Structure formats: structure tokens, C-alpha cells
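> Sequence:
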Amino acid sequence: EKVTQNLCGKSRPGHFRGVTTVCCKLFNIVKPHMAVFGQKDFQQFITIKRMVDDLNMDLQIIGLPTVRESDGLAMSSRNKYLLKDEKSSALTLFKSLKLAQKLYAGGETKSSVIINEVEKLIKRTPHTAIDYIKICDTKTLKDADKIKSQSVIALAVKVGKTRLIDNHVFGEKLER
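In terms of my numbering, the sequence shown is numbered consecutively and its last residue is 571.
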């Protein structure tokens with residue numbers, strides 16, 4: 396359950412308990428051999444994976460990369476709520492992930508430095524309010540002081556009235 400306490404779990408207590416309950420019931424009824432989840436909601440993906448492991452379910456959980464629009468914005472049903480000028484502001488999430496990846500590729504491994512640079516970029520963008528910017532271990536979702544190959548940057552940002560999430564696992568290709 397600890398994987399649910401950071402990131403979105405802080406502002407949405409109980410949310411992942413509902414997600415895991417629904418998925419567990421579905422898996423018990425359908426008895427699939429595999430289930431595929433998008434990694435846009437990285438915490439949900441890791442939470443489901445952990446539940447399956449903890450309950451010794453005979454089920455493989457597969458994560459697929461985030462599907463993005465041609466401009467890099469992560470596809471989400473919430474994008475329809477963005478006003479025209481907010482949509483251009485929403486692109487800052489993808490730009491932030493690219494900035495983090497660029498800094499890491501250039502040798503920066505201190506999470507605080509990368510988070511600070513990403514925060515500055517987002518704060519300069521109109522219509523944005525940061526919920527969180529975190530760099531975490533991909534297995535435990537605990538905050539990481541230093542970036543390793545198994546670290547993820549995850550962010551939640553309100554653009555206008557719409558809360559958007561996005562993430563990137565360091566070392567993986569960031570498409571678009």
C-alpha cells in the first residue's frame with residue numbers, strides 16, 4: 396500500500412484502494428493471463444502491479460508508454476476541458492519532461508536541481524498551478540534524492556481548472 400501514499404495519493408486518499416478493489420474483482424471474474432495498462436498514470440500502473448504481486452495472482456501486468464498527441468501532450472479524456480489558450484500552456488508538461496531528460500542526459504543526477512528547473516519552467520507558464528513535481532524510484536515510488544536508471548519524474552499540474560498528470564522514466568526514450 397505504500398506505493399499509494401506519494402504523488403496523487405497525497406491529494407486523493409482512498410483513490411487507489413478503489414482502483415485496486417475494482418481491478419482485483421475484475422481479474423478474479425475474468426481470470427486473464429495478462430492485463431495491459433498505459434503508463435501515463437504511472438502510480439496506478441505500479442499500484443496494480445504491486446497488488447498482483449502481493450496477491451500472487453497468475454497474471455502478467457504489462458505497461459505501455461504514454462500515447463501522445465502530435466504536439467507531445469499526453470492523451471487524456473481531461474484534455475477536452477482545456478480552453479484554447481490553456482492547451483498551449485498544457486504543453487509545458489511535456490516540455491518539462493524533455494527538460495528533465497536533457498538535464499539528466501547532460502550529467503545532472505540531483506533530483507532537487509532538476510525539480511527546481513522544471514518548477515521554474517512551469518511557473519513561467521500562464522494558467523498553471525503545480526500540484527506536485529517528484530522524482531521517485533520506479534518500484535517503490537519513494538522520493539529519490541539522486542536519479543538512477545530506475546527513477547521516474549512525475550508531475551501533476553492544474554492548467555486552468557483541469558488537473559493533468561504526466562511522467563517520464565529516466566533513460567527511456569521520450570517520444571515526440
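Possibly wrong hints are sitting among the right ones.
Unchecked claim - With a straight-line Cα cutoff of 35 angstroms, these simulated DSBU-like cross-link-like pairs (lysine-lysine) come out: (1) Lys-490 <-> Lys-426; (2) Lys-543 <-> Lys-435; (3) Lys-556 <-> Lys-497; (4) Lys-493 <-> Lys-568; (5) Lys-553 <-> Lys-534; (6) Lys-534 <-> Lys-568.
The set of hints was computed from the structure by calculation and includes no laboratory data.
Remember, predicted model here, so these are calculated numbers, not experimental data.
> Hints first: check each against the structure and report whether it holds.
Results for each hint:
A threshold of 35 angstroms between alpha carbons decides the hint, and for Lys-490 with Lys-426 the separation of about 40 angstroms lies outside it, so the pair is violated. In summary, the hint linking Lys-543 to Lys-435 is supported, as the alpha carbons are separated by about 20 angstroms, within the 35 angstroms threshold. Our distance criterion of 35 angstroms between C-alpha atoms is met by Lys-556 and Lys-497, whose separation comes to about 29 angstroms. For the hint linking Lys-493 to Lys-568, the alpha-carbon distance of about 10 angstroms falls within 35 angstroms, and the restraint holds.
For a cut-off of 35 angstroms, the pair hint linking Lys-553 to Lys-534 stands: about 26 angstroms separates their Cα positions. Distance check on the hinted pair: Lys-534 and Lys-568 sit about 19 angstroms apart at the alpha-carbon level, within 35 angstroms; holds.
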